Amino acid sequence: MKPPASHADPFDHDNLEDPGPLHERLREAGPVVRLSRYDTYALARYEHVHAALTDWQRFQSAAGVGLSNFRYEKPWRPPSLLLEADPPHHDAPRRVLSAIVGPRALHRLRDRWAAAAADLADRVLSCGDVIDAVPALAEAFPLRVFPDAVGIPEAGRENLLPYGDHLFNAFGPPNDLVAAGAGRIAGLSAWVNAQCARDVLTSDGFGAAIWAAADRGDLTPEQAPLVVRSLLSAGVDTTVHGLSAVLYAFATHPDQWERLRAQPALARVAFDEAVRWESPVQTFFRTATTDVTVGETVIPDGAKILMFLGAANRDPRRWANPDRFDLSRDPSGHVGFGMGIHQCVGQHIARLEAESVLTALARRVSRIELAGPVRRHHNNTLRAWRSIPVRLHRK
Amino acid sequence: MAETRTLRVAGKEPVADGVIALTLTDPGGARLPDWTPGAHIDLVLPGGLVRQYSLCGDRWDPYTYRIAVLRETGGRGGSAYLHDVLDVGEAVGLGGPRNNFPLVPAARYLFIAGGIGITPLLPMIAQADLLGADWQLLYGGRREASLAFGRHLGGYGDRVHLRPEDRYGLLDLPGFLGAWEPGTRVYCCGPAPLLAAVERACAGLPPHTLRTERFAATTLTGPARSTPFEIELARSKAVLTVPTDSSVLDVLTAAGADVLSSCRQGVCGTCEITVLAGEPDHRDSVLDDTERAAGTRMFACVSRSRSDRLVVDL
Chain A
1 MKPPASHADP FDHDNLEDPG PLHERLREAG PVVRLSRYDT YALARYEHVH
51 AALTDWQRFQ SAAGVGLSNF RYEKPWRPPS LLLEADPPHH DAPRRVLSAI
101 VGPRALHRLR DRWAAAAADL ADRVLSCGDV IDAVPALAEA FPLRVFPDAV
151 GIPEAGRENL LPYGDHLFNA FGPPNDLVAA GAGRIAGLSA WVNAQCARDV
201 LTSDGFGAAI WAAADRGDLT PEQAPLVVRS LLSAGVDTTV HGLSAVLYAF
251 ATHPDQWERL RAQPALARVA FDEAVRWESP VQTFFRTATT DVTVGETVIP
301 DGAKILMFLG AANRDPRRWA NPDRFDLSRD PSGHVGFGMG IHQCVGQHIA
351 RLEAESVLTA LARRVSRIEL AGPVRRHHNN TLRAWRSIPV RLHRK
Chain B
396 MAETRTLRVA GKEPVADGVI ALTLTDPGGA RLPDWTPGAH IDLVLPGGLV
446 RQYSLCGDRW DPYTYRIAVL RETGGRGGSA YLHDVLDVGE AVGLGGPRNN
496 FPLVPAARYL FIAGGIGITP LLPMIAQADL LGADWQLLYG GRREASLAFG
546 RHLGGYGDRV HLRPEDRYGL LDLPGFLGAW EPGTRVYCCG PAPLLAAVER
596 ACAGLPPHTL RTERFAATTL TGPARSTPFE IELARSKAVL TVPTDSSVLD
646 VLTAAGADVL SSCRQGVCGT CEITVLAGEP DHRDSVLDDT ERAAGTRMFA
696 CVSRSRSDRL VVDL
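From first to last, the protein sequence lines stand for chains A and B.
Our numbering applies: residue 1 is where the first sequence begins, and numbers increase by one.
Our numbering applies: residue 396 is where the second sequence begins, and numbers increase by one.
For reference, chain B alone in the conformation it holds in the complex (with noise of 0.2 Å):
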């Protein structure tokens, strides 16, 4: 079984101006590791270029996940590859699911979307539509044309307030947040400026009533590797070399290193091995950015290496 994960395109279409959607499923048609609203998948592109993208699907469908991709001018080429040279049928590399940016139970939202930030908002706002809470959206953009689903959105009725940049002008942040009442809980997700706006409107609200997610450029140091490695185990001096299509785990099993495992999706977090030397490539759910910027802990079912060597406490 090839362990190092992958991502068939099943779908690719526009949907709205500079923006496609891709549908993503499983090589060999197996259920995707789970998810909630929020979540984000890692995209592994050829060259090594890691590209994150909010989950806007449906997650009662275990099959198939749905991004949007923004095509980025100034980007580094993740998005542009996406749009220009990706094909229906082709594979992607996988990290994740991961979620920084969880929906929290509360009786109201308000949620603020700016352009492509739509996108983890998408499946939050389903699912307070679902639990019967009591919920608004304002969501801006350039135009019209570029506001992603928005005709999807429309299907809300006066829940949702479409409000393109050419017509309204700048978003009313302050007539918007004028409805929050105690237990409102404030969701962001778009460009820098506008969540700086809404930190700023939102500066008199109790803590921790606003969350946002920022497309922050990605920390890592380096491109992600499409090359063999090699894993070290201190302890029996062996060294391993781990191709490209079989995961860290099977290779430390076939060895006959005693690592347990369990759900072999980066999610239990039951084959966490030290990392004395060398860098890892985190693709689990588990690590948070703190823990994954120390390098010490990896799980072997899913993640990888960015050194040519890891050196591992086995």
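Here chain A stands alone, though its shape is the one from the complex (with noise of 0.2 Å):
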């Protein structure tokens, strides 16, 4: 059966600003809608997205997780070894990582990553009331502990947000977002393939970990670099724009802020309801391996699909009362980190860095609250802030 057709641009400038209206309609219109103006298929509910997500096998993502097809096109730089590799090139670097970044070294950062957090709630609260929580607090804590756990100098770390935000747009088609980002990527990239390097990294950090299990035969030393690349591209922007959907829930839900005071164990749960209400990534593509079946429609084999992941974390077939951000609620089992084996293997670092930042905050702060008009940052695939301007009440 032919899909329902939508002529919506995703990428525009009105549906980033606020794209609830347009997932609402890809959503009612059925499992499958097609988007005539990309040439692509959208899945934007719960069900499909997540299946789609998890099955590998028929919906790749060695030909990119982007509009463009591999395929058929070269890509703007080296593909990842992760988000852009399907089994079995992908295995390796995954196992790799996984263990690099998984449950048991983060404990080991656990300590270190809440006093950083305390000294800076420490600093912002002592430079006034009012700051503007998206460079104050969203940035300044990624940027702060993440290169540092990586392992890669303090120069030029100004470097990452940019070469973040360029990459993510990159995602999309090459609109406006992504000739802005045009001039200054060569450098950018230049400067992060620099930081790959062995000797350019620290002896105890995840960049040196990848480096010895190169040399312990589980990579080989072409993949070493691209898999600390990884870290840099897919670490940064997605926890600040992670950090700021959930300082922002909490400036405009204040009686949420005092349920997390009266019960800080929930900080984790917090931030995961932020990733569903807010989904900081908003959308990724896969390729058809073959002819797929989705409702009734045959998804042709080679054609790219979009999955919108902030539609599918506000479905109301898999959420009660979606658009609320609600502690109460169990967000367990939303696509915010993706699913399956692509699922973001840094979540547990995201998810530190945000209980580090929301316990801090939580000992200090009695009320956050909007101090100013709020603004919004425009990406191709992230749903960003660009200032959310708050009053801090202190306890």
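Quick caveat, the hints were computed from the structure, so don't treat them as lab data.
Check before you lean on any hint, since a few could be wrong.
Calculated pairs, SDA-like style, for lysine to any residue (alpha carbon to alpha carbon, straight line, at most 20 Å) [unchecked claim]:
#: 1; chain 1: A; residue 1: Lys395; chain 2: A; residue 2: Val374
#: 2; chain 1: A; residue 1: Lys395; chain 2: A; residue 2: Leu120
#: 3; chain 1: B; residue 1: Lys407; chain 2: B; residue 2: Ala486
#: 4; chain 1: B; residue 1: Lys407; chain 2: B; residue 2: Asp453
#: 5; chain 1: B; residue 1: Lys632; chain 2: A; residue 2: Gln263
#: 6; chain 1: A; residue 1: Lys74; chain 2: A; residue 2: Gly183
#: 7; chain 1: B; residue 1: Lys632; chain 2: A; residue 2: Ala262
#: 8; chain 1: B; residue 1: Lys632; chain 2: A; residue 2: Pro75
#: 9; chain 1: B; residue 1: Lys632; chain 2: A; residue 2: Pro264
Everything numeric in this text was worked out from a predicted model, so none of it was measured.
Build the complex from these two chains, which are given one at a time in their own frames, with help from the hints.
In structure tokens, the structure reads:
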């Protein structure tokens, strides 16, 4: 059966500013919607997004997880060995990185990151009550702890966010957002690639652990720098926007902040609920490896499929009152980190960062209140904030 | 949703003297957890016997696991049960999959199998061949009729060297390993004397060249339990009962404990809980053997208890 068609552009500025109405139209139109403008298929319901994410056999990543189809087009950078790879090539990099940033490694960082978050919260509060939560907290914390954990030098860290921003724009169509970043990307890429070399990395970080895996033969020496690059590509902007999302959520839901203060152990649940509610990574593409039937539609071999993680995370078929940010909800099973073999390998890092920041704030701040107009940052893949002015009421 | 994981026996066939192959599926027809070549699953058999078997099927088929089981005459009854008692249509408990024997990237592989040790190597060989790697297999066993999957392997032509002992004697390891050149990984699975011989034969090769998996007797201290157990929440002092057909995660969340989860297959590591007392029965794909033995952490979506009570930090 021919699927319903939509002429909407999910990557235009209106939809990037507020994707909710488009998401609802796509979800309600059917299990599959044809996006005529981009000659691609959209999945927006939880059930079908979840199924596509887990079915790596029929929904491949190696042809690119952006609009560009690597079967016919040359990737703009050497493809990621994780995000843009299928089994069996995907196996070794995934196995190595899962162990390095897995629960065991993160236990070692817990105390250090809690101290860093306490220190940051004290410093932010000493600068006055009104701050912009995006640079002062959501950017400052990941930019402080994550590059240290990877083991890259201090110099040049200001390149990480613009690099990530362009990378995530590049998964979309070649629109104005991509054009705006094109001028700087060669220089940014060169800097990022240079940080992946063995002799640049400290001896105790994730980066050194990746090179140690190459020494054991678990990776090839050619793979090691690209696996380090994956950490630097996917590990900064995503956590920044995840933290922004949870801080914005609390600034606009004071009752939920009360709840967190009363029960600080809810910090992990709060962050995942914010990831569900806001979906910092909004979309990824897959490519059909064969004719795939979804609902009553046959998606042909080689077609690009756009999965709307943000729409799935607010699908009323799966979530009661999906638009509500609610700490009494169990957000488990959301697809904000993806699902299946490509599920965010750094999700435990993101959770630990968020838990550290929220715990530090909950001890010091009785109320978070918007203190001015908020501004979105538009990115083809990320749901992002440029500015969230807030007043932090001290305890 | 009953979250204690079981597999249904969808097929059972002899594949060599004393060896059967089992085809296993999800009872509800769902996808099975993903795996990689070299992985094994735990089968939890009646009476709590836990046995490990390498997956030897096709990972591109997400609905089916395949294992091969040698009848162990001196064993403790696991293989006899699978051979003689378990019927098509019946259920067995599942743990894993886990992989302690992964295929690392290389341009060349030398595979050495002894008897039923061929099983983890089968998907590795399929993968090496798919990737266009240069590979050879040396496969020994008592007799030609005891070499499981020998005919299938014959399809690979002269990369495969079937060497039943009754015709060829002991495997010519120096001859086979003479083909080693830099960049070659050697994979071996089989009985302890073969592993020891291969280790000696590889002693002069660079470190990390040889990768082995041994069929060690399980180090678990007792049988898995098939009866309900209690879980005590140390902070709230609540004591909950986990029935045999519910997961720890479901019991905890139903009682209002805030335990986050994601994959519900023991893979992603989100639902980790800290164990203060009691002995977990680990069924996840995350922890290594040392972490399992420590018993201080578990994944609530799939893991259970060996002791009457688990005390957790919630």
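Structure-based check of each hint:
Restraint check: the Cα-Cα separation between A/Lys395 and A/Val374 comes to about 24 Å, which exceeds 20 Å; the hinted pair is violated. Straight-line distance between C-alpha atoms of A/Lys395 and A/Leu120 comes to about 16 Å, which keeps the hinted pair within the 20 Å bound. For the proposed pair B/Lys407 and B/Ala486, the alpha carbon gap of about 13 Å is at most 20 Å, so the pair holds. Our distance criterion of 20 Å between C-alpha atoms is met by B/Lys407 and B/Asp453, whose separation comes to about 16 Å.
Distance restraint check for B/Lys632 and A/Gln263: the Cα-Cα separation of roughly 17 Å lies within the 20 Å cut-off, and the hinted pair is therefore satisfied. For the proposed pair A/Lys74 and A/Gly183, the alpha carbon gap of about 19 Å is at most 20 Å, so the pair holds. With a C-alpha separation of about 19 Å, the suggested pair B/Lys632 and A/Ala262 falls inside the 20 Å cut-off, and the hint holds. Between B/Lys632 and A/Pro75 the CA atoms are separated by roughly 56 Å; this puts the pair beyond 20 Å, and the hint is violated.
Between B/Lys632 and A/Pro264 the CA atoms are separated by roughly 18 Å; this keeps the pair inside 20 Å, and the hint holds.
Checked against the numbered hints given earlier, this structure breaks hints 1 and 8; the rest are met.
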